[in-house]
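Asker: Sequence:
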Amino acid sequence: MYDIEELFEAENAVHAVELLREHPEARIIAGGSDVLIEIRDGKLAGCTLVSIQKCDELRGVSIDDTGAIRIGPLTSFSHITANPVIQKLIPVLGEAVDTIGGPQLRNIGTIGGNVCNGVTSADSASTLTAWEAVMEYLGPNGTRLLPIKEHYISAGKTALAPGEMLTAILIPKESYENCFGNYIKYAMRNALDIATLGCSANVRLSKDKKTIERLRLAYGVAGPVPMRAPSAEQTAAGKAANAETIAAAAKAALGDLNPRTSWRASKEFRLQLAEELAKRTITESLKRAGVLI
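First residue of the sequence shown? That's 207 in our numbering, and the numbers climb one at a time after it.
Since the hints were made in silico from the structure, they are not lab data.
As the structure is a computational prediction, the values presented were derived from the model and not from experiment.
Beta carbons: idealized from backbone N, C-alpha and C, even for Gly.
Be aware that a few hints might be false.
As the list claims (entries may be wrong) - Here are the computed lysine to aspartate or glutamate pairs in the EDC-like style, where the Cα-Cα straight-line distance is at most 20 angstroms:
no., residue 1, residue 2
1, K260, E217
2, K413, E380
3, K260, E215
4, K260, E224
Unchecked claim - Computed spacing ranges between beta-carbons, pair by pair:
no., residue 1, residue 2, range
5, T467, R494, 30 to 36 angstroms
6, I499, K294, 22 to 28 angstroms
7, S268, V220, 41 to 47 angstroms
8, A365, T467, 42 to 48 angstroms
The whole structure should be built from the sequences, with the hints applied where relevant.
Answerer: Spelled out as structure tokens, the structure:
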């Protein structure tokens, strides 16, 4: 059984914020794949929950008036992968969340929960970071937008203030237009495992497909929060789309990372992975963009 003191059901996002204001100790529950485990383990014993399951406006994927992809935080991983907008414009995000857990978890787990738990190993996080996502918060003082790099404060901690909730994840048109990406998760098993290291890349090429106009490279579990590798990005910018540029960018990424040693892997092994996964993700991104390496 789960030790829950009170459970409130929000009718919509505004109502959820009102409930959070009235019960500042409350936690939001969406899919429950993280929160229920914490309750079962005793970490949240006797907690108060605000369920947002009835907040249908927080589900789904659409294109807004600016051309940005708008992802509702209550959208399940399975629906992210199958969504036509995601498949057409940013298929790598669907591929990334399809590495999470098993089918049961992907059917119930939500992308909002994946980024709001603040962990660096979240499989959506490095891809959203590489694609320069913007987080939309709603709180007592209204709506505010925050780049995803400012969303993550430290391990397990986000910039959400008391009484705030995530209402959308936005991918600006500039961040996905004419871009092609790839995500690789390295783990001990091919399924039902947490990433030892995750790497997500995307590229935009010149019209003749010979030059990398822009590279975005981001990692999970390479530091306390999901992080970009600006040295790698700068190394590749304006360079020829070839193996030499890929190798140089992958090597440059190592200077931006600070992985730790844990029971899953040593720092040294994670750095070795970081270089190799960068080579593979950039290479595959270039292939998807039409370049043969």
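Asker: Decide, hint by hint, whether the structure agrees.
Answerer: Against the structure, the hints:
{"no.": "1", "hint": "K260 - E217", "verdict": "6 angstroms, holds"}
{"no.": "2", "hint": "K413 - E380", "verdict": "16 angstroms, holds"}
{"no.": "3", "hint": "K260 - E215", "verdict": "7 angstroms, holds"}
{"no.": "4", "hint": "K260 - E224", "verdict": "15 angstroms, holds"}
{"no.": "5", "hint": "T467 - R494: 30 to 36 angstroms", "verdict": "34 angstroms, holds"}
{"no.": "6", "hint": "I499 - K294: 22 to 28 angstroms", "verdict": "25 angstroms, holds"}
{"no.": "7", "hint": "S268 - V220: 41 to 47 angstroms", "verdict": "19 angstroms, violated"}
{"no.": "8", "hint": "A365 - T467: 42 to 48 angstroms", "verdict": "28 angstroms, violated"}
Violated hints for the displayed structure, listed by number in ascending order: 7, 8.
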